[in-house]
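Enquirer: Mind docking chain B on chain A? Use the hints.
Protein chains: 2
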Amino acid sequence: MSDKSLEPQEMWAQMKKNSDGLVPAITQDYETGDVLMMAYMNEESFILTLETGYMHYYSRSRNSLWKKGETSGHFQKVISSFIDCDRDTLLFKIDQTGAACHTGNRTCFFTELKDLGSL
Amino acid sequence: MSDKSLEPQEMWAQMKKNSDGLVPAITQDYETGDVLMMAYMNEESFILTLETGYMHYYSRSRNSLWKKGETSGHFQKVISSFIDCDRDTLLFKIDQTGAACHTGNRTCFFTELKDLGSL
Numbered sequence: 001m002s003d004k005s006l007e008p009q010e011m012w013a014q015m016k017k018n019s020d021g022l023v024p025a026i027t028q029d030y031e032t033g034d035v036l037m038m039a040y041m042n043e044e045s046f047i048l049t050l051e052t053g054y055m056h057y058y059s060r061s062r063n064s065l066w067k068k069g070e071t072s073g074h075f076q077k078v079i080s081s082f083i084d085c086d087r088d089t090l091l092f093k094i095d096q097t098g099a100a101c102h103t104g105n106r107t108c109f110f111t112e113l114k115d116l117g118s119l
Numbered sequence: 001m002s003d004k005s006l007e008p009q010e011m012w013a014q015m016k017k018n019s020d021g022l023v024p025a026i027t028q029d030y031e032t033g034d035v036l037m038m039a040y041m042n043e044e045s046f047i048l049t050l051e052t053g054y055m056h057y058y059s060r061s062r063n064s065l066w067k068k069g070e071t072s073g074h075f076q077k078v079i080s081s082f083i084d085c086d087r088d089t090l091l092f093k094i095d096q097t098g099a100a101c102h103t104g105n106r107t108c109f110f111t112e113l114k115d116l117g118s119l
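So the sequences go chain by chain: A and B.
Take the first sequence: its position 63, counted from the start at 1, is 63 in our numbering, and no numbers get skipped.
Take the second sequence: its position 90, counted from the start at 1, is 90 in our numbering, and no numbers get skipped.
If you are wondering where the hints come from, they were derived from the structure by calculation, not from laboratory data.
One copy or any two copies: either way a pair holds, since identical chains are not told apart in the list.
Capping the alpha-carbon separation at 25 Å, the derived lysine-lysine pairs in DSS-like fashion look like this:
hint	residue 1	residue 2
1	Lys77	Lys67
2	Lys67	Lys16
3	Lys67	Lys17
4	Lys67	Lys93
5	Lys4	Lys77
6	Lys17	Lys77
7	Lys4	Lys16
8	Lys67	Lys114
9	Lys16	Lys114
The shape of chain A in the complex, shown without the other chains (with noise of 0.2 Å):
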């Protein structure tokens, strides 16, 4: 980061929260340029992924925080990082080890909406 840089703190500070008081983060191929995922991120999960430079997020159902590829291997290594222009939305453009997806689809956007069957 360059001098001018601000702290990971006082970027968060920045962000608007969402009703959950997170931060939408979606995930890019830097490569290929496919959307991979989307999660969510915490002010902890946030910092985390900045010093390290590996995504970490915020699960929700689990209500905890959540380096991805800890228990797959499949880590996110962030190439970039960007920021919407209403501060609402983050954008990582990654390095993807194996698959993004659980499923061991490279991405989670592998169903097209006219293939969705009945549940």
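Expert: Chain B only, in chain A's frame:
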């Protein structure tokens, strides 16, 4: 849509909603792969998007339905649409007329975190 496709109302019923009853929708330029924006859909905007082939959103701040490009002319034509593995996020590959961002930038994600300054 093929004969096997669900109706938009049935698709909506199968999605997990966030705490506000909405589903986040990511748009991606179908040619360049650039992630353009992320906004939210309610049932009405989701159905209108599928029925008209143009992106509609729900504005949380204005509490109203919103057709993208209605005032700016910067419409977003849907090319293909996807849902993620846990059915709580949508991805639309679109043909963007003009700029996606109200600032005039092509994408809303034009600010790198390292360049984020104090407010």
